[in-house]
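Asks: Okay, here's what each chain looks like letter by letter:
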Amino acid sequence: MRRSPSPAAARAAALALAAIALPAAPAALRAQGLDGYGGGPKIYLSKDSSRFLRVTLWSQVWSRWQQMNPGTMVNNNPGTEETKDLGIRRTRILMHGQITPRILVFWIIGVNNQTFTTGGLQGGDIGGGTSGIDGKRPQVFVHDSWGEFTINKHAQVGGGVLTWSGLSRMTNAATLNFLMVDAPIYNWTTIDATDQFARTMGLYVKGNVLTRLNYRAVLTKPFAIVGGQQGATTATVTLPASAGGGTATVNVGDNAATNALVATPARFNIANWNPTNNTLMPQAYASWDFFDVESQTLPFTVGSYLGTRKVLNVGAGFQYHPAAMRYVRAKDSVTVAGTRRPVSPTEAPVPVPAGAAQLAPGASTAAFNGDWVNVPMRHWAVDAFADFPLNHDGDAVTAHTAYYDLDYGPNYVRNIGIMPIGVSNPGTTVAGPNTGQTRFQFEQPGFAGGGAGYPVHGTGNIWYTQAGYLLPRRMSKGFGRLQPTGALSVVKFERLAEGYVMPEVGLNWIFAGQNAKIQLQWRNRPQYESPTATSDGNPLSAANGNTAKYPTQVGLRRLRDANGRKISRQDVIVQFHVHL
Amino acid sequence: MRYVPHVPRAALPLLPLAVLPAVLAACATAPRPVTAAPMGFACAAATPAAFVGRGAALLRENGWTVREADSTAGVVRATRGPVYAGLGENLTADGPYLLSGRHDGRSAQVAVQVVETRQHRVVPVENLDDRSNDADRRNFLPVVDGLRAFCGAPTSGRTPAPRPPAALPPGR
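Those sequence lines, one after another, are chains G and U.
Per the numbering used here, residue 11 is the first one in the first sequence, and the count goes up by one each step.
Per the numbering used here, residue 25 is the first one in the second sequence, and the count goes up by one each step.
Honestly, I wouldn't trust all of these hints.
[What the hints assert, rightly or not] Quick list of in silico lysine to any residue cross-link-like pairs, SDA-like style, CA-CA up to 20 Å:
1. G/320 / G/300
2. G/52 / G/112
3. G/231 / G/151
4. G/320 / U/162
5. G/52 / G/119
6. G/163 / G/86
7. G/57 / U/89
8. G/320 / U/166
9. G/52 / G/62
10. G/163 / G/114
11. G/341 / G/353
12. G/163 / G/94
13. G/320 / G/298
14. G/57 / U/96
15. G/94 / G/576
16. G/163 / G/231
17. G/231 / G/384
18. G/57 / U/87
19. G/341 / G/420
20. G/57 / U/90
21. G/163 / G/220
22. G/163 / U/161
23. G/320 / U/161
24. G/576 / G/512
To be clear, the hints were calculated from the coordinates, so they are not data collected in a lab.
Bound-form chain G, shown alone (with noise of 0.2 Å):
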C-alpha cells in the first residue's frame, strides 16, 4: 500500500514548489573569482534561473626569456641561444547552456599556441605562399562539444568531443585557476598525440555517490595516428651569411623536432604510437572528499581555490587503450638470399622498416630482422589535493602532488616544449679534418631536438608535487594578493639511463581573484644527448668511429659539459592572465 504524504512534508513540498515557481534573484557565493562575479555573465532562461546560457571568455599570453636546447635555429638562425618572445598560449570561449535542470550542453571554441614563427595555419602567409606554416592566422577550433543528461545525482551520462577523462585530477584539469603557470603535460599523456588538445570523443558517466566520492568513467575514441604527419613537415630556407649563407632543409611547424610520433625506429625495442590503432580507450577517476565536495558539475578541476573553499581530497585513476602502441621486436634470425643467421638485439632493423611496412604490421620483406608487435597504453595514477583556508588574514595553502605510472611500451620517450618557437640546426654536414671524414656544419641537438623542449612523457614513473601559500592580505598593502608557488618533478623513464628532478618557482599576483592574474615562473629543463647525431659533433658513421661509439638509442645520459657537470636550460615565463 502506497503511503500518503505526510501534512509536514506536503507543507515542504509547497515550499520548493514556491521556491522555484517564483522569481527570484541568484545569489552569489564568495569564490575564487572577482568579488560578486558569482557563476560569472548568464543570461537566464527560466525566472528560477535554473535554465541558463553562461559564457566565458579567456586570454593566456606568454611573455617568456628562454635559453634555448643546444643545437636550435630560431626564424633562420642557427645557433641560437637565447629567445625573448610573446605568445598566445590559450584564448578560448566558453558556452555552458541549462536548457533544462537535467540537460546541459557544452562548448569551447579557441586558439592555443600562438608565436611569432609558429601555431599558424598552413600555407597562411600572404604572397608567394612558400613558407609553409608561420606564426600568423592560428586556427580556431573546436576544443569541447558535448551534451549530458542528469538521470540523478548519482549518475549523468553525456558525449560528444570531451575534456571528461581518467587517470587523474590534472588530466581534468581546469586551464583558468592553475597554481603554476601551467599544467605539467605529464598529466596530458595522449596530448595531440591520439587527442586533440587533450579532448577525445567518446561517452561518459559520471556522479556522486555516498556523499564524498565522485566518479568519472569515460570510454573514447582516439584519434588516428597519421604516419610521420607532423614530423614530414620541411622547409627550404637560406641561411645568413654569418653561417656560410646557402640554403638548408629543416623541419618546421608545430614542435616538429619533437613530435615525429611514429617515426621509425632505428633500433629495436623502441615503441611508439600505432598508425593502425582501431580500438577504443576505457579510462576513469574517483576521488574522495574529506571536506568540502567539489563540484563536478563540468570536468575541469580546480588548481587553487585561493582559501575560499576547505578541501582535501585523494584520487585514483587509469587509462588503458589497447594496441595503441608499437615497436619493432628482433627476430631470433632472418633468413637473407638463402643464408640464415641470428639477429643481434643490437643492431638496427635491416631494412629500415618503412612506407608500406611502417603502415601495416607484418606486410615487411622476408629480410626484414623484425616483427611488428603492438602492445597497450596503460597508465594509472594516484594524487592527493588540499586547499585550506588558514583564517588569519585570508591566507591559504593549496598543494597537489601526484604520481604517475606510465606504461607506453619499450623505451617510449616524448620530447615536448610548449608553444615551441625554434627546430633543430640544419643537419648539412661539411668535409673534416682528415681525408674521408665529414663533420656537421652546426651543432647538433641532443635529444629533444632543437627547441625548448625536454623529456616530458615516457615509459616509466614520475612524482609531480606543486604547492602555494596565499599571503596575508595585509602583505600586499591592498593591492592585488601575492601567491608564491614552486613545484618539483621527479622523473624516471625506462629509456633514460638517467632520470631528472626538476624544480619551478614561481609568483602569482591576483588582482581580481582568478579572474585577473599575473603568473611569474622559473624553471630549469634537464638535457639528454642525442641517440642518432651523437654528442661530439660528428655524425653517426663508421668512418669517425661513431658507430661503434653511439651503439644504441637507449640508456640516453645527460648532457654534460667538458667539466662533467650536467647542462640543463632555464625558461622564465610571464602569464597575463584574464577572465571573464
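Once you have looked at the hints, place chain U on chain G.
Replies: Here is chain U on its own, set in the frame of chain G:
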C-alpha cells in the same frame, strides 16, 4: 540444440552501456519528498514576534528572500538561491535552499532543506545534520547560528566571524 549467443570480443567494452536503460528506468520513479526534521532549541527568553523579527532580519542580511513572516503564528519562511560560484571553467550551483522557523512561545524549531532542481525539481532532501555538505552549511549556518544566539542556545561554532570594518584614517 541450445542456442548460444555470440558476442564479438570487440563489443565487450560496450557492454557497460547495456545497463544504461536499466539505470534510466530505475531513476524514472518519482521520489517522495523527505520531511525535514526540525532542530529544536529552548527559546523562552524571546517572544514569537521577536523571534520572527530577528529571524527575518538575519535572513535578509544573509541574502535570503523572506516568503512568510507571521509574528502572530511565530512562523518565518524563506528561500535562497540557487547560489552560483565560478571555479574557472567549472561552476558550482548550490541550492535553492528553504528555511522554516517556528516559535511556540517556549522553544524554537528550525528546519532547513535543499532543493535539488536537477532531480525531479521538487525534492527537499537534506536537513542541517551530519549529512549536510559544507557548501550547504555555508548558506544555513549564519542564519541558524544567529537564531540560536538570539535564543541563548549554543551555536555550532562554525559560523565565520564577520570581518571588522576597516579603520578610518585619522582625522575623519
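Asks: State for each hint whether it applies.
Replies: Quick rundown of the hints versus the structure:
1. A C-alpha spacing of about 9 Å is found between residue 320 of chain G and residue 300 of chain G, which places the hinted pair at or below 20 Å, so the restraint holds.
2. About 18 Å separates the Cα atoms of residue 52 of chain G and residue 112 of chain G, which keeps this hinted pair within 20 Å; it holds.
3. Restraint check for residue 231 of chain G and residue 151 of chain G: the C-alpha separation of about 19 Å stays at or below 20 Å, so the hint holds.
4. Between residue 320 of chain G and residue 162 of chain U the CA atoms are separated by roughly 11 Å; this keeps the pair inside 20 Å, and the hint holds.
5. Note on residue 52 of chain G and residue 119 of chain G: the hinted pairing holds, with a Cα-Cα distance of about 18 Å set against a maximum of 20 Å.
6. For the hint linking residue 163 of chain G to residue 86 of chain G, the alpha-carbon distance of about 57 Å lies beyond 20 Å, and the restraint is violated.
7. About 15 Å separates the Cα atoms of residue 57 of chain G and residue 89 of chain U, which keeps this hinted pair within 20 Å; it holds.
8. Proposed proximity of residue 320 of chain G and residue 166 of chain U is supported: the alpha carbons are some 17 Å apart, at most 20 Å.
9. A distance of roughly 6 Å separates the Cα atoms of residue 52 of chain G and residue 62 of chain G; the hinted pair therefore holds under the 20 Å criterion.
10. Note on residue 163 of chain G and residue 114 of chain G: the hinted pairing holds, with a Cα-Cα distance of about 14 Å set against a maximum of 20 Å.
11. Between residue 341 of chain G and residue 353 of chain G the CA atoms are separated by roughly 6 Å; this keeps the pair inside 20 Å, and the hint holds.
12. At roughly 49 Å between alpha-carbon atoms, residue 163 of chain G and residue 94 of chain G are farther apart than 20 Å, so this suggested pair is violated.
13. This hinted pair checks out: residue 320 of chain G and residue 298 of chain G have alpha carbons roughly 14 Å apart, not beyond 20 Å.
14. Restraint check for residue 57 of chain G and residue 96 of chain U: the C-alpha separation of about 32 Å exceeds 20 Å, so the hint is violated.
15. Of the supplied pair hints, the one linking residue 94 of chain G and residue 576 of chain G is violated, its CA atoms being roughly 24 Å apart against a limit of 20 Å.
16. About 26 Å separates the Cα atoms of residue 163 of chain G and residue 231 of chain G, which puts this hinted pair outside 20 Å; it is violated.
17. Distance check on the hinted pair: residue 231 of chain G and residue 384 of chain G sit about 17 Å apart at the alpha-carbon level, within 20 Å; holds.
18. Under the criterion of a C-alpha separation no larger than 20 Å, the hint pairing residue 57 of chain G with residue 87 of chain U is consistent with the structure, at around 17 Å.
19. The hinted pair formed by residue 341 of chain G and residue 420 of chain G meets the criterion: a straight-line CA distance of about 16 Å does not exceed 20 Å.
20. At roughly 17 Å between alpha-carbon atoms, residue 57 of chain G and residue 90 of chain U fall within 20 Å of each other, so this suggested pair holds.
21. Proximity of residue 163 of chain G to residue 220 of chain G is assessed by CA-CA distance (about 11 Å); at most 20 Å being required, the pair is judged to hold.
22. Note on residue 163 of chain G and residue 161 of chain U: the hinted pairing holds, with a Cα-Cα distance of about 19 Å set against a maximum of 20 Å.
23. Of the pairs offered as hints, the one joining residue 320 of chain G and residue 161 of chain U holds, with about 12 Å between alpha carbons and a cut-off of 20 Å not exceeded.
24. Annotation: proposed proximity of residue 576 of chain G to residue 512 of chain G holds, straight-line Cα distance about 13 Å (limit 20 Å).
Checked against the numbered hints above, the structure breaks hints 6, 12, 14, 15 and 16 and satisfies the rest.
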